[in-house]
Amino acid sequence: DTGVSQNPRHKITKRGQNVTFRCDPISEHNRLYWYRQTLGQGPEFLTYFQNEAQLEKSRLLSDRFSAERPKGSFSTLEIQRTEQGDSAMYLCASSSADSQLNTGELFFGEGSRLTVL
Amino acid sequence: KNQVEQSPQSLIILEGKNCTLQCNYTVSPFSNLRWYKQDTGRGPVSLTIMTFSENTKSNGRYTATLDADTKQSSLHITASQLSDSASYICVVSPDSNYQLIWGAGTKLIIKP
Numbered sequence: 585d586t587g588v589s590q591n592p593r594h595k596i597t598k599r600g601q602n603v604t605f606r607c608d609p610i611s612e613h614n615r616l617y618w619y620r621q622t623l624g625q626g627p628e629f630l631t632y633f634q635n636e637a638q639l640e641k642s643r644l645l646s647d648r649f650s651a652e653r654p655k656g657s658f659s660t661l662e663i664q665r666t667e668q669g670d671s672a673m674y675l676c677a678s679s680s681a682d683s684q685l686n687t688g689e690l691f692f693g694e695g696s697r698l699t700v701l
Numbered sequence: 084k085n086q087v088e089q090s091p092q093s094l095i096i097l098e099g100k101n102c103t104l105q106c107n108y109t110v111s112p113f114s115n116l117r118w119y120k121q122d123t124g125r126g127p128v129s130l131t132i133m134t135f136s137e138n139t140k141s142n143g144r145y146t147a148t149l150d151a152d153t154k155q156s157s158l159h160i161t162a163s164q165l166s167d168s169a170s171y172i173c174v175v176s177p178d179s180n181y182q183l184i185w186g187a188g189t190k191l192i193i194k195p
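Going down the list, the protein sequences come from chains A and B. So the first sequence is numbered by my numbering: it starts at 585 and just counts up by one. So the second sequence is numbered by my numbering: it starts at 84 and just counts up by one.
Possibly wrong hints are sitting among the right ones.
[Unchecked claim] Within a straight-line C-alpha distance of at most 27 Å, the following computed DSS-like cross-link-like pairs (lysine-lysine) qualify: (1) 154(B) - 194(B); (2) 641(A) - 84(B); (3) 595(A) - 190(B); (4) 84(B) - 194(B); (5) 595(A) - 641(A); (6) 641(A) - 655(A).
Read the hints as simulated data drawn from the structure, not as lab findings.
With the hints as extra help, turn the sequences into a complete structure.
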């Protein structure tokens with residue numbers, strides 16, 4: 585399978601626990617994005633990487649959220665001290681950078697659904 | 084403020100019928116407009132991407148139009164099938180690939 589892969593697909597945790605989601609992008613894609621989506625809403629941008637560099641992180645929802653892409657391949661999104669309001673679908677996407685045309689198509693994974701009890 | 088508004092919020096049609104979904108945006112500058120299909124509980128899948136100079140683009144039974152002057156786009160679905168039941172999201176890119184402005188989507192239900 586050469587698509588974007590996310591794990592786990594579902595995570596149920598108790599409030600206050602830490603959770604980590606993993607995203608494996610399409611192998612030749614150098615850009616990787618994290619989004620959050622709540623029911624009935626469009627995806628909300630969180631952060632993105634070009635190779636291993638995190639180029640935008642101001643949209644991360646709070647300092648409890650952090651993301652890494654240590655070797656420019658897979659990425660992790662960690663939420664510390666989870667709250668009930670963190671319950672959502674966390675989506676990962678990847679694309680090839682095309683700075684000239686800026687029409688890079690995003691390929692999304694199936695998402696990781698988080699439920700905080 | 085950059086915004087993308089979609090209408091209707093939801094739509095129910097019978098299998099085999101056509102339908103048109105609307106998208107109005109107030110995004111500046113403008114780079115491109117995208118339509119995504121999202122099945123319940125799944126990630127979005129790209130249907131079309133249109134730049135400023137393109138005013139129509141087709142992908143099978145899906146045809147998107149763009150009027151950059153009025154800042155409106157539509158997605159027309161021909162001969163609907165049960166598998167078309169999904170949310171359809173309009174997305175506008177201002178000037179950088181990561182800064183996409185997402186609409187809330189139109190939830191389409193196809194009934195047999």
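Margin query: residue 595(A) and residue 190(B) were given as a pair; does the straight-line alpha-carbon distance stay at or below 27 Å?
Written below: Roughly 26 Å between the alpha carbons, so the hint for residue 595(A) and residue 190(B) holds.
Next item on the list: For the pair we were handed, residue 84(B) and residue 194(B), check the Cα-Cα distance against 27 Å.
Entry: violated (37 Å)
Check: Within 27 Å, alpha carbon to alpha carbon, are residue 641(A) and residue 84(B)?
Finding: holds (21 Å)
Check: When you check the alpha-carbon spacing of residue 641(A) and residue 655(A), does it fall within 27 Å?
Finding: This hinted pair holds, its Cα atoms lying about 18 Å apart.
Check: Is residue 154(B) within 27 Å of residue 194(B), Cα to Cα?
Finding: violated (31 Å)
Notebook entry, point to check: Quick one, are residue 595(A) and residue 641(A) close enough, alpha carbons at most 27 Å?
Noted result: holds (24 Å)
In summary, the structure is inconsistent with hints 1 and 4 from the numbered list given earlier, while agreeing with the others.
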